[in-house]
Amino acid sequence: KAGVTQTPRYLIKTRGQQVTLSCSPISGHRSVSWYQQTPGQGLQFLFEYFSETQRNKGNFPGRFSGRQFSNSRSEMNVSTLELGDSALYLCASSLDGAANTEAFFGQGTRLTVV
Amino acid sequence: GNSVTQMEGPVTLSEEAFLTINCTYTATGYPSLFWYVQYPGEGLQLLLKATKADDKGSNKGFEATYRKETTSFHLEKGSVQVSDSAVYFCALSPSGGNNRLAFGKGNQVVVIP
Numbered sequence: 005k006a007g008v009t010q011t012p013r014y015l016i017k018t019r020g021q022q023v024t025l026s027c028s029p030i031s032g033h034r035s036v037s038w039y040q041q042t043p044g045q046g047l048q049f050l051f052e053y054f055s056e057t058q059r060n061k062g063n064f065p066g067r068f069s070g071r072q073f074s075n076s077r078s079e080m081n082v083s084t085l086e087l088g089d090s091a092l093y094l095c096a097s098s099l100d101g102a103a104n105t106e107a108f109f110g111q112g113t114r115l116t117v118v
Numbered sequence: 003g004n005s006v007t008q009m010e011g012p013v014t015l016s017e018e019a020f021l022t023i024n025c026t027y028t029a030t031g032y033p034s035l036f037w038y039v040q041y042p043g044e045g046l047q048l049l050l051k052a053t054k055a056d057d058k059g060s061n062k063g064f065e066a067t068y069r070k071e072t073t074s075f076h077l078e079k080g081s082v083q084v085s086d087s088a089v090y091f092c093a094l095s096p097s098g099g100n101n102r103l104a105f106g107k108g109n110q111v112v113v114i115p
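First to last, the sequence lines map onto chains A and B.
So my numbering is basically just the index in the first sequence, starting at one, shifted up by 4.
So my numbering is basically just the index in the second sequence, starting at one, shifted up by 2.
Among the hints, a few may not be true.
[What the hints assert, rightly or not] Simulated pairs of lysine-lysine, BS3-like, Cα-Cα distance not exceeding 30 Å:
#, chain 1, residue 1, chain 2, residue 2
1, B, Lys107, A, Lys17
2, B, Lys70, A, Lys61
3, A, Lys61, B, Lys62
4, A, Lys61, A, Lys17
5, A, Lys61, B, Lys54
To be clear, the hints were calculated from the coordinates, so they are not data collected in a lab.
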């Protein structure tokens with residue numbers, strides 16, 4: 005079956021701009037989580053969506069937002085980009101986020117802010 | 003808060019050597035514990051997991067035991083191969099599920115033929 009698909013794979017933006025990243029989960033999966041990966045901070049949890057509702061949220065400023073559609077596809081948006089937002093953004097999908105299911109990660113979107 | 007600590011620095015070892023990567027955690031309640039592996043240019047793949055104390059997760063020759071008394075989840079493999087070269091992340095889920103993961107910094111493992 006198809007895996008988790010993230011688009012685009014690479015993105016270059018200018019400071020102050022905004023960006024939207026997309027994540028298509030595995031068919032049937034309703035939980036989508038987003039993570040930011042940087043060399044300095046490592047992997048940090050951004051937020052999780054389940055059945056179109058934000059269920060969990062990490063410690064990121066309000067410039068980072070997301071949403072989930074009825075087909076479980078999710079988008080995350082970063083407004084007023086800063087140089088420090090340059091990172092690999094990963095999404096993970098699972099059936100429902102429960103312990104007895106597995107989270108599958110996409111290959112990520114590499115965002116560079118210049 | 004919830005956090006995961008992995009030993010500092012890359013790990014370089016010869017093929018067929020024994021691998022240990024230390025992982026300790028801080029969490030309230032009863033978290034689930036995970037090891038993920040990341041190969042170059044790819045996303046994370048679940049290697050193994052344990053959902054309660056004394057559980058042992060195992061996969062592809064790797065093992066880790068959930069030790070509540072020492073708050074540890076060390077990863078071990080008896081005989082590594084060149085194909086095991088990757089970055090390994092220890093993680094926990096405070097809610098016990100597989101979402102809202104808190105990750106360690108990761109360890110680069112390089113296996114030399």
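These are the hints, each one checked on the structure:
Taking the CA atoms of lysine 107 of chain B and lysine 17 of chain A, the gap is about 27 Å. The hint holds against a cut of 30 Å. Only pairs whose Cα atoms come within 30 Å are accepted, and lysine 70 of chain B paired with lysine 61 of chain A is accepted, the gap being roughly 26 Å. For the hint pairing lysine 61 of chain A with lysine 62 of chain B, the CA-to-CA distance comes to about 33 Å; that exceeds 30 Å, so the pair is violated. Annotation: proposed proximity of lysine 61 of chain A to lysine 17 of chain A holds, straight-line Cα distance about 25 Å (limit 30 Å).
The straight-line distance between the Cα atoms of lysine 61 of chain A and lysine 54 of chain B is roughly 24 Å, inside the 30 Å bound, and the hint therefore holds.
Hint compliance for this structure: hint 3 is the single one not met.
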